[in-house]
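Asks: Residue-level listing of the chains:
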Amino acid sequence: MVVIRGTKPTRAVLIALRRRIKVAQTGHELLKMKRDGLMVEFFEVLNKARTVRKELVDALIKAEQRLNIAKATEGTVTINSVAYALQKEPAIELSSRNIMGVVVPKITADSVQKKIFERGYGIIGTSSAIDEAADAYETLVDKVVIAAEVETVLIRLVKDIESTKRRVNALEFKVIPDIRDTIRFISFALEEMDRDSIVRLKKLKGKAQKRARAEEAKRAAEAVAAGVA
Amino acid sequence: MEIAFVGDINAVLGFNLAGIKKAYPTKTDEELVSKINDVMADSNVGILVLKQSDYNRLPKRMQGQLSESTRPTIISIGTEQSTELREKIKRAIGVDLWK
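First to last, the sequence lines map onto chains W and X. Quick note: to get this note's numbering, add 21 to the position in the first sequence (first position is 1). Quick note: to get this note's numbering, add 2 to the position in the second sequence (first position is 1).
Only chain X is shown next, with the shape it has when bound in the complex:
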């Protein structure tokens, strides 16, 4: 299993340095979406890493699809917090526990 990254060219360079070959640079939104679809179809990828800012740019429908997926597992990294998990916890437990 491998790790993949889709995002801006800078981070791609960094992930390349860490030895990740499947790091794809994208510029436009369309490129982003099509690359993510490609990676999702790749059965060899275990984890797909995205930037939080890129993730927020994706269409809502795709965001839902990604958050449901566990193989590959999608993880978005970034300094701003993702509200999705928080919302889910709030809905399931009834209290906002993520603080």
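Bound-form chain W, shown alone:
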């Protein structure tokens, strides 16, 4: 039995504690629901993250292969100059979304994938190997954007699940039992005080009666003495 330190066994404290335990219990229920909700969300995102990771690795391997072929046929210098000619930069948009009170980023990208004539270099002057390499890297960047969002969401969710779990457990195994013990302690103390005062009253009453009886006896004795005289 762990009694919260520094509590005084009074009725006012008892009432306050009863109110507090009600709040703690409601909070516990709510947090438990939040934890379960987060878990469901987490599993969904986890599956997504796993497939996205796999796609990302595949895209990376493919992109590196294509780039190596392009380098072998065209040389690094040509690829460099082609890369310089590129006009459009892939832009991403960062906004946020709310999952059960966890703010997660939402990343949207536009114009990563480009048509050949949109790239800004001549089609005739370069070989298809460069096009393929560029294409593969654009796919990779696409996947990177998706993976970045999904993995960030996952990390945030994991963090929040951990803290929510901790709070649920703290309430369930520490806060609520402690309050319950303290309530028991205070009600025992109050009962004990009640019994004390009853006993004291009885004692006092007994004493008063004794004194009254003694006085009556004395008065009777005096009356008798007066009668005799």
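Keep in mind that a hint or two might mislead.
Said to hold, decoys possible - Straight-line alpha carbon distances no greater than 25 Å define the calculated DSS-like cross-link-like pairs of lysine-lysine that follow:
| hint | chain 1 | residue 1 | chain 2 | residue 2 |
| --- | --- | --- | --- | --- |
| 1 | W | 53 | W | 195 |
| 2 | X | 90 | W | 69 |
| 3 | W | 55 | W | 195 |
| 4 | W | 180 | X | 90 |
Don't read these hints as lab results, they were simulated from the structure.
Let chain W serve as the given structure and place chain X on it in line with the hints.
Replies: Chain X only, in chain W's frame:
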């Protein structure tokens, strides 16, 4: 918002081809760390892409800092799997779910 890449010269070339201008080639570990710090300070970068092998070379303290960061979001790519996320999930849920 833009995407940035820090890493070896080959991958920089590839990302350049995809239209990413903020791709910085690095050779030594010190260069890597200082470039990453530069990119982290750049408020225009939304996603920082790193190679998994480079990420593993970073000091532990920096790895922790990067994995906490969400703006920019750091993502490491590579064929070998990152153990960090896996560890986190294991700690939070209690079971190794990432298989």
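Asks: Taking the hints in turn, state whether each one holds.
Replies: Tested hints:
1. W:53 x W:195: Holds: residue 53 (chain W) and residue 195 (chain W) sit about 15 Å apart, inside 25 Å.
2. X:90 x W:69: Status holds; Cα separation ~17 Å.
3. W:55 x W:195: holds, 19 Å
4. W:180 x X:90: holds, 8 Å
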